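Q: Here is how the chains run, residue by residue.
Protein chains: 2
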Amino acid sequence: MKILFDRPVIPGLGKKYVAIDGKFIVTVTDDRPEGEFDRVICCNNRLLMPGLYNCHTHAAMTLFRGYGEELPLHRWLQERIFPAEERLTNRAVYAASMLAAAEMIGSGIVSFTDMYNFNEETVSAVLETGMKANISRAVLSFDPGADPAKDERVLEGIRLFECCHGLGDGRVRIDMSLHAEYTNQRSYCEYIAHYAKANGAGIHIHLSETEAEHKEGIERRGMTPAEFFADTGVFDVPVTAAHCVWISDSDMALMAKKGVTVAHNPASNLKLGSGIMPLEKVLAAGVNVTLGTDGTASNNRLDILREMYLAAILHKGVNRRADCIAAGEIIKMATVNGAKSQGRADCGRIEAGCRADIILLDLDTVSNIPMYEPEYTVLFSASSADVRMTMADGKVLYENGEYTTLDIEHIKHELRYVCEHYFD
Amino acid sequence: MKILFDRPVIPGLGKKYVAIDGKFIVTVTDDRPEGEFDRVICCNNRLLMPGLYNCHTHAAMTLFRGYGEELPLHRWLQERIFPAEERLTNRAVYAASMLAAAEMIGSGIVSFTDMYNFNEETVSAVLETGMKANISRAVLSFDPGADPAKDERVLEGIRLFECCHGLGDGRVRIDMSLHAEYTNQRSYCEYIAHYAKANGAGIHIHLSETEAEHKEGIERRGMTPAEFFADTGVFDVPVTAAHCVWISDSDMALMAKKGVTVAHNPASNLKLGSGIMPLEKVLAAGVNVTLGTDGTASNNRLDILREMYLAAILHKGVNRRADCIAAGEIIKMATVNGAKSQGRADCGRIEAGCRADIILLDLDTVSNIPMYEPEYTVLFSASSADVRMTMADGKVLYENGEYTTLDIEHIKHELRYVCEHYFD
Numbered sequence: 001m002k003i004l005f006d007r008p009v010i011p012g013l014g015k016k017y018v019a020i021d022g023k024f025i026v027t028v029t030d031d032r033p034e035g036e037f038d039r040v041i042c043c044n045n046r047l048l049m050p051g052l053y054n055c056h057t058h059a060a061m062t063l064f065r066g067y068g069e070e071l072p073l074h075r076w077l078q079e080r081i082f083p084a085e086e087r088l089t090n091r092a093v094y095a096a097s098m099l100a101a102a103e104m105i106g107s108g109i110v111s112f113t114d115m116y117n118f119n120e121e122t123v124s125a126v127l128e129t130g131m132k133a134n135i136s137r138a139v140l141s142f143d144p145g146a147d148p149a150k151d152e153r154v155l156e157g158i159r160l161f162e163c164c165h166g167l168g169d170g171r172v173r174i175d176m177s178l179h180a181e182y183t184n185q186r187s188y189c190e191y192i193a194h195y196a197k198a199n200g201a202g203i204h205i206h207l208s209e210t211e212a213e214h215k216e217g218i219e220r221r222g223m224t225p226a227e228f229f230a231d232t233g234v235f236d237v238p239v240t241a242a243h244c245v246w247i248s249d250s251d252m253a254l255m256a257k258k259g260v261t262v263a264h265n266p267a268s269n270l271k272l273g274s275g276i277m278p279l280e281k282v283l284a285a286g287v288n289v290t291l292g293t294d295g296t297a298s299n300n301r302l303d304i305l306r307e308m309y310l311a312a313i314l315h316k317g318v319n320r321r322a323d324c325i326a327a328g329e330i331i332k333m334a335t336v337n338g339a340k341s342q343g344r345a346d347c348g349r350i351e352a353g354c355r356a357d358i359i360l361l362d363l364d365t366v367s368n369i370p371m372y373e374p375e376y377t378v379l380f381s382a383s384s385a386d387v388r389m390t391m392a393d394g395k396v397l398y399e400n401g402e403y404t405t406l407d408i409e410h411i412k413h414e415l416r417y418v419c420e421h422y423f424d
Numbered sequence: 001m002k003i004l005f006d007r008p009v010i011p012g013l014g015k016k017y018v019a020i021d022g023k024f025i026v027t028v029t030d031d032r033p034e035g036e037f038d039r040v041i042c043c044n045n046r047l048l049m050p051g052l053y054n055c056h057t058h059a060a061m062t063l064f065r066g067y068g069e070e071l072p073l074h075r076w077l078q079e080r081i082f083p084a085e086e087r088l089t090n091r092a093v094y095a096a097s098m099l100a101a102a103e104m105i106g107s108g109i110v111s112f113t114d115m116y117n118f119n120e121e122t123v124s125a126v127l128e129t130g131m132k133a134n135i136s137r138a139v140l141s142f143d144p145g146a147d148p149a150k151d152e153r154v155l156e157g158i159r160l161f162e163c164c165h166g167l168g169d170g171r172v173r174i175d176m177s178l179h180a181e182y183t184n185q186r187s188y189c190e191y192i193a194h195y196a197k198a199n200g201a202g203i204h205i206h207l208s209e210t211e212a213e214h215k216e217g218i219e220r221r222g223m224t225p226a227e228f229f230a231d232t233g234v235f236d237v238p239v240t241a242a243h244c245v246w247i248s249d250s251d252m253a254l255m256a257k258k259g260v261t262v263a264h265n266p267a268s269n270l271k272l273g274s275g276i277m278p279l280e281k282v283l284a285a286g287v288n289v290t291l292g293t294d295g296t297a298s299n300n301r302l303d304i305l306r307e308m309y310l311a312a313i314l315h316k317g318v319n320r321r322a323d324c325i326a327a328g329e330i331i332k333m334a335t336v337n338g339a340k341s342q343g344r345a346d347c348g349r350i351e352a353g354c355r356a357d358i359i360l361l362d363l364d365t366v367s368n369i370p371m372y373e374p375e376y377t378v379l380f381s382a383s384s385a386d387v388r389m390t391m392a393d394g395k396v397l398y399e400n401g402e403y404t405t406l407d408i409e410h411i412k413h414e415l416r417y418v419c420e421h422y423f424d
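As they're listed, the protein sequences go chains A and B. For reference, each letter of the first sequence is one residue, going 1 to 424 in the working numbering. For reference, each letter of the second sequence is one residue, going 1 to 424 in the working numbering.
Hints are computed from structural coordinates only; laboratory data are not their basis. Accuracy of the hints is not assured; some may be wrong.
[To be verified] Some, not all, of what chain A presents toward chain B, calculated at C-beta under 7 Å: (1) V40; (2) A102; (3) G170; (4) R320; (5) R321; (6) D323; (7) S381; (8) A385.
Quick caveat: nothing in here was measured; it's all calculated off a predicted structure. Ideal placement from N, C-alpha and C gives every residue a C-beta, glycine not left out.
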């Protein structure tokens with residue numbers, strides 16, 4: 001299908017024609033491109049930008065949105081989340097993954113990086129809805145004598161990689177995962193690192209989310225959690241490290257050198273009382289930084305525009321400089337940096353030859369006018385309610401409030417049923 | 001008109017019938033009240049709560065949304081805002097006030113506390129749209145020899161009070177205003193305090209927004225800005241003090257004793273790099289705290305639900321405790337505390353005898369399900385896009401995306417025209 005976007009405003013590029021053919025952007029031009037189009041989309045009062053990346057989440061945790069509020073991370077996990085997760089089923093995870101996909105698509109997210117359980121259900125949700133995702137089976141290992149090669153979670157992760165990596169013309173990618181330093185044995189880290197390296201997989205981890213975790217890691221290992229992951233070979237493959245609130249300056253340098261991506265989760269880190277990731281320093285160290293929502297249980301939205309706004313204003317406030325971290329940098333974090341972290345070299349940009357992962361925002365809302373500079377409108381006044389179209393690989397997934405690949409009323413009903421029967 | 005809200009979820013109260021007659025709530029009951037109603041509103045999947053208060057703004061600054069970004073407060077004011085404000089006209093302020101009213105009504109705000117210029121235009125916007133507001137003429141005085149009794153700004157403020165205070169059955173209230181300590185002479189503060197006390201007016205000020213302002217105030221006066229306002233009699237009347245990022249512990253105690261309201265503006269304070277107001281300490285000191293957006297030039301929304309979310313997560317993060325400041329406290333700041341600060345004793349609560357200032361939020365959205373506790377849904381997942389009705393004094397101002405008291409397309413057109421002709 002050939003589609004022409006008729007002169008939307010594109011941040012950093014101004015007003016252009018954007019033509020797509022099948023799954024790809026073919027031209028971005030000042031003049032109307034030659035040829036016939038199956039559809040021409042009038043983009044008067046529309047802003048066009050790359051689809052957004054949610055680079056750290058647990059999609060199925062929509063089940064636990066608002067469940068166990070106002071508890072610190074450790075108690076929230078131990079007293080509420082872990083016991084509830086014992087009761088998970090395939091049906092619950094599928095329902096919750098579909099709701100998460102709907103929420104993300106409707107707020108302009110085209111791809112997410114997920115760590116959870118019952119992952120084949122999340123894979124199904126991604127394939128059905130037309131989204132993209134890097135999905136991984138969370139591995140936790142508490143028995144120092146256990147053999148990772150015989151661990152059911154590790155084996156599930158490997159089976160997932162073997163069955164699902166690359167499905168949907170690459171829309172689904174499978175990563176390996178280690179939940180965190182404090183929840184894993186060295187042998188498991190080495191085993192997963194070795195498997196990932198041998199098979200070309202990435203690894204998704206939590207890193208230095210809380211001060212206690214970071215300090216206890218140093219006591220336990222004689223090195224920081226980042227140094228531990230480097231030491232066990234984990235950082236020798238593409239890694240997405242979520243949170244990194246408490247990483248040291250030398251951790252930052254190490255991670256920049258190793259090409260580790262930091263997924264910044266400002267809302268979750270604030271809400272759980274974990275602290276504030278030193279974004280300006282991490283960017284200055286040359287680290288690839290992306291944005292994540294974390295699960296809805298600690299956010300409680302899957303809304304990267306909200307994270308962009310938060311990241312934009314939070315670090316200005318904490319560093320007490322209104323010019324701290326330019327708007328364009330935040331937009332990169334939410335788009336091209338995310339694509340890079342997921343191993344999607346042809347995504348995250350509005351350029352000929354790139355995948356047609358595109359969103360349209362409405363500039364004609366009461367809260368988006370006037371517009372002096374599109375970057376600032378995106379960052380400071382736009383919200384997910386302004387998303388008018390979400391397209392992935394050239395396919396429209398959402399347009400003017402309507403989903404094209406999912407039955408939203410059915411999804412909401414199913415999610416409520418599951419929550420009432422399993423978790424109330 | 002008699003209206004019955006049929007069993008919405010009300011935070012803190014559960015599911016109730018809420019009946020209104022004319023401008024007032026008459027019953028809040030478990031059982032369906034007797035009698036005939038002109039309208040019964042089915043509130044299945046609806047959350048009902050008091051209309052929100054925006055207790056510090058400059059409504060007409062919608063003109064400057066996104067204008068002069070990434071500058072620190074002092075340069076932003078001196079290089080961008082003050083020169084642009086020299087070019088203000090009645091037409092521009094009216095257009096901008098109408099856009100602001102539309103944005104606020106659409107996001108569930110029923111009343112705002114405003115400090116600006118050409119105030120009669122903002123008064124008109126409030127009267128026409130059905131909102132409520134406390135409006136004041138900003139007074140700045142830089143000439144130590146000037147006589148406040150002959151100052152045009154002071155006289156404008158007094159004329160405004162005499163002409164407009166109490167209009168619209170009390171919907172419009174007029175406050176006096178002193179822009180700030182650093183922008184005023186002692187004689188002006190004393191004069192305004194005296195006038196306000198003699199005439200039963202409140203006073204709206206900016207207080208200790210930046211560290212420089214606070215420290216220079218101490219050097220200039222030999223006392224903190226709060227102590228200066230107390231010393232000049234300003235704190236002897238009801239005062240709303242915006243920002244208070246840098247107030248001292250003894251300032252907090254003083255303000256609690258004097259009954260001064262603090263308007264907390266988390267977004268603006270972060271975005272301008274001013275810092276983070278110590279909310280937990282201010283609440284513990286017993287101060288009445290409300291929320292404000294500040295002008296859109298430094299926010300860039302007029303969205304109290306967004307400020308509520310920010311306030312809720314920011315202080316948990318900064319104080320590193322997930323249980324820092326209960327959800328109910330934030331909801332009070334946005335409702336009943338705001339009504340109190342504006343001298344509206346019969347507003348801000350869902351109770352028989354109170355004014356029918358009511359909003360309905362949609363609980364059946366992809367991002368609001370599941371709901372375990374309504375307070376957390378309001379605070380952490382709801383957004384202004386979920387507002388389905390805004391009612392003030394029993395009159396529906398907005399319902400399901402439609403405004404009943406204003407022509408939104410005309411307002412948007414007029415605002416764009418004004419911006420293009422005056423400020424580009």
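Q: Decide, hint by hint, whether the structure agrees.
A: Hint by hint, here is what the structure shows:
{"no.": "1", "hint": "V40", "result": "24 Å, violated"}
{"no.": "2", "hint": "A102", "result": "5 Å, holds"}
{"no.": "3", "hint": "G170", "result": "26 Å, violated"}
{"no.": "4", "hint": "R320", "result": "5 Å, holds"}
{"no.": "5", "hint": "R321", "result": "5 Å, holds"}
{"no.": "6", "hint": "D323", "result": "5 Å, holds"}
{"no.": "7", "hint": "S381", "result": "4 Å, holds"}
{"no.": "8", "hint": "A385", "result": "3 Å, holds"}
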